[in-house]
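Using the hints provided, position chain A relative to the given structure of chain E.
Those protein sequences? They're chains E and A, same order as listed.
Counting in the working numbering, the first sequence runs from 48 upward without gaps.
Counting in the working numbering, the second sequence runs from 8 upward without gaps.
Treat the hints as calculated values from the structure; they're not laboratory data.
Every residue gets a Cβ at the ideal spot worked out from N, C-alpha and C, and that includes glycine.
Here are some chain A residues the structure puts well away from chain E; computed CB gaps all over 12 Å:
| id | residue |
| --- | --- |
| 1 | Ala17 |
| 2 | Ala74 |
| 3 | Thr86 |
| 4 | Gly98 |
| 5 | Ala254 |
| 6 | Ala272 |
| 7 | Gly357 |
| 8 | Ala362 |
As a list, the in silico DSBU-like pairs of lysine-lysine whose alpha-carbon atoms are at most 35 Å apart:
| id | chain 1 | residue 1 | chain 2 | residue 2 |
| --- | --- | --- | --- | --- |
| 9 | A | Lys241 | E | Lys138 |
| 10 | E | Lys214 | E | Lys86 |
| 11 | A | Lys37 | A | Lys66 |
| 12 | E | Lys139 | A | Lys241 |
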Amino acid sequence: MSDTEPTLPADPQAYVEQVMAEIADEVRLRRASGDLPPKLERELDELFLAHSPVAGRGGDLGEALRMVDAATFIDPVVPVESERAAGAVVKKGMRSLLLWYVGWITHQMSQSSSAVSRALHIVDDRLGDLERQVEVQRIPGAKVVEFPALHRPDAWWVEPAVAAVAKAPGRVLHAACGDGWLVRRIDAAGGDAYGVDPRAHLVDAAELGILDLRGEGVAEHLRAVAAAGLGGVVLTGIVDGMAGGERTQLLTAIATRLAPGGALVVHSVSRDAWEAAGAPPEADLSPGRPLRADTWCRLLGDSGYEAVAQPGPGGEDFLVTAVRSSITTPYPPSER
Amino acid sequence: MSAAAGRPVAVHQFIPALNPHDATGTHTLKLRDALRAAGWRSEIFAEAIHDDLASQAYKHWMYPEHAAEGDVAIYQFTTSSAVAGYLAEQGLPLILDFHDFTAPEYFAGWEPRSVQRAAAAGEELALLAPQAVLGMAKSPFSERQLRRAGCRRTVVVPVLADYGRVTGAPDRRVAAELAALGERGGADILFVGRIVPSKAQHDLVKALWAYRRLYDARARLHLVGGTSSFEYAKALQGYVDDLGLAAAVRITGEVSDAALAAHFAAADVYLSLSAHEGFGVPLVEAMVAGVPVVTRGAGAVAETVSGAALVLAAADPAYIAAALHRACTDDRLRTALVAAGRRRAAELSGGAAAATLVDAVAGAVAR
Numbered sequence: 048m049s050d051t052e053p054t055l056p057a058d059p060q061a062y063v064e065q066v067m068a069e070i071a072d073e074v075r076l077r078r079a080s081g082d083l084p085p086k087l088e089r090e091l092d093e094l095f096l097a098h099s100p101v102a103g104r105g106g107d108l109g110e111a112l113r114m115v116d117a118a119t120f121i122d123p124v125v126p127v128e129s130e131r132a133a134g135a136v137v138k139k140g141m142r143s144l145l146l147w148y149v150g151w152i153t154h155q156m157s158q159s160s161s162a163v164s165r166a167l168h169i170v171d172d173r174l175g176d177l178e179r180q181v182e183v184q185r186i187p188g189a190k191v192v193e194f195p196a197l198h199r200p201d202a203w204w205v206e207p208a209v210a211a212v213a214k215a216p217g218r219v220l221h222a223a224c225g226d227g228w229l230v231r232r233i234d235a236a237g238g239d240a241y242g243v244d245p246r247a248h249l250v251d252a253a254e255l256g257i258l259d260l261r262g263e264g265v266a267e268h269l270r271a272v273a274a275a276g277l278g279g280v281v282l283t284g285i286v287d288g289m290a291g292g293e294r295t296q297l298l299t300a301i302a303t304r305l306a307p308g309g310a311l312v313v314h315s316v317s318r319d320a321w322e323a324a325g326a327p328p329e330a331d332l333s334p335g336r337p338l339r340a341d342t343w344c345r346l347l348g349d350s351g352y353e354a355v356a357q358p359g360p361g362g363e364d365f366l367v368t369a370v371r372s373s374i375t376t377p378y379p380p381s382e383r
Numbered sequence: 008m009s010a011a012a013g014r015p016v017a018v019h020q021f022i023p024a025l026n027p028h029d030a031t032g033t034h035t036l037k038l039r040d041a042l043r044a045a046g047w048r049s050e051i052f053a054e055a056i057h058d059d060l061a062s063q064a065y066k067h068w069m070y071p072e073h074a075a076e077g078d079v080a081i082y083q084f085t086t087s088s089a090v091a092g093y094l095a096e097q098g099l100p101l102i103l104d105f106h107d108f109t110a111p112e113y114f115a116g117w118e119p120r121s122v123q124r125a126a127a128a129g130e131e132l133a134l135l136a137p138q139a140v141l142g143m144a145k146s147p148f149s150e151r152q153l154r155r156a157g158c159r160r161t162v163v164v165p166v167l168a169d170y171g172r173v174t175g176a177p178d179r180r181v182a183a184e185l186a187a188l189g190e191r192g193g194a195d196i197l198f199v200g201r202i203v204p205s206k207a208q209h210d211l212v213k214a215l216w217a218y219r220r221l222y223d224a225r226a227r228l229h230l231v232g233g234t235s236s237f238e239y240a241k242a243l244q245g246y247v248d249d250l251g252l253a254a255a256v257r258i259t260g261e262v263s264d265a266a267l268a269a270h271f272a273a274a275d276v277y278l279s280l281s282a283h284e285g286f287g288v289p290l291v292e293a294m295v296a297g298v299p300v301v302t303r304g305a306g307a308v309a310e311t312v313s314g315a316a317l318v319l320a321a322a323d324p325a326y327i328a329a330a331l332h333r334a335c336t337d338d339r340l341r342t343a344l345v346a347a348g349r350r351r352a353a354e355l356s357g358g359a360a361a362a363t364l365v366d367a368v369a370g371a372v373a374r
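If we strip away everything but chain E, and leave its shape as in the complex, we get (with noise of 0.2 Å):
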């Protein structure tokens, strides 16, 4: 937009890559100075939120069923004020008019809308009775099992997952995050991360203004996230106790939201390392036990990735890094 005449770089499709790259250096700087925390993105959503059909709050059952009980009488007695001296009059005598034909049908629909509603509401008597008996045999989901000694900044693993994702084409999560540490590494290797962990007691504890980082579960959180959003995925800690079908939603999920030639890195303690004696309570507490590492490589083959395994040094863990294959992909080779 200057007066003079702009010329065309030599290699235009190099350039809009340079770019590219210097927009997420300059989003990371943004976000590093505070000039746009998380927690505002967060607000803005929560504001558009606000304006949106009960629906699309969340599909709370209770809140659905207020909105139609509120909304099942219709009134035939349509409102008859004016701003003209006749209006008004006119408005009524039209009222009159119609009012046998209009009151008939806006019975009728209110009756159904009644009938309706009184479904609905049996419906949900139904669902609360059936919550309550799956309660009893319900199999609690997997807590989040951390072993002192191998989820740490300098464990082996760690450098190895960086240099995984650092490069990936889109934004990178990584849970469970804890305090950040390993987003901050991420971030430090010119990656551009993100954190989840329900452990929000932790969160709330660590650096937001500089870091973004989200006090929910990993599952709760993908299902936010638009589909190929995500250039990375970084999971340590939360899918060693997972029961089987848990597993598989989580990956479901992380198959569609991960862009094409994007990165899953999973970090797993050993069998042997779950049962021991030193391990954190969580494990006990699990449904599930980990995967051996070439389970895992299996698990994901299948799943459309290419998928490798690191032993760690003294057995007691690895690291599977897998990258989402793809046909067709909208990011060129040196994106990825």
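Positioned in the frame of chain E, the structure of chain A alone reads:
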């Protein structure tokens, strides 16, 4: 084209609704002309016909009056329609010209009628796709949808659009209004498309808010296009008001071609954050008009722009604001994007596009 010569066959088109100033309507009319030029008889049959085009088409149920042995039907698949069931019963050799449709989940919570209609469109696609002798998609993204629906033979063909409308004479009144706004300073950001949840205009507003906060406090957003989602449009207006952007966001409604040309002429950057696009005609229009494009790479967008835009993985306001800043202030980048955009637009438009389509039809008819 030669495949049509001497063949006693008519290639008729069927479409749910034929409207002027509408991408599928324009495509259908241009394809009709190209088919006729290739030597086929060709008429348009529609469930709904806009008054302005009453002389251009027949109601779909009038087809038997025009039917002849050897007829081939092209169905312009845009949304759910009674035409789908009608065609399934006719048993004609069928070519699906697939324009994609917005999946029901994008309307969930906003427009129950649209959810129902989109779900019905999915069922109609599943009904017709296995019957089709050819599925014509507008992008590899849409082609994959056609294949998943059961289409055995598919091809990607261009949209026949009137891209020249954005470089035509601009509406003087609108151009003057936009010029007056431009004199106040600040970038003019443009988006063209219906105001519906899948186009995510609320993300555009959020991005504008971030851009104004971080880079350009006087920037404006122009949202050009009508709406088919009253609830979403109402929520969008409320959001704009709550953010204090009422003076910075112009929601124009539907505009004439001349007014559209004025908007493209005044725009500093074209921004699209749609969550779903089967092709994205306005993206090509922006490239034709020489406006740099910043876009989210959802659906077929990355394939449509093919490297001639700043493509972002998600509607992250910080990224978008930074990308807008570069697109508005970096002259080398603007030059590169405009040059690449014009090249890409040339690939997608012009006489070759119609010939590609007619050749695809001829290939299917000849089998």
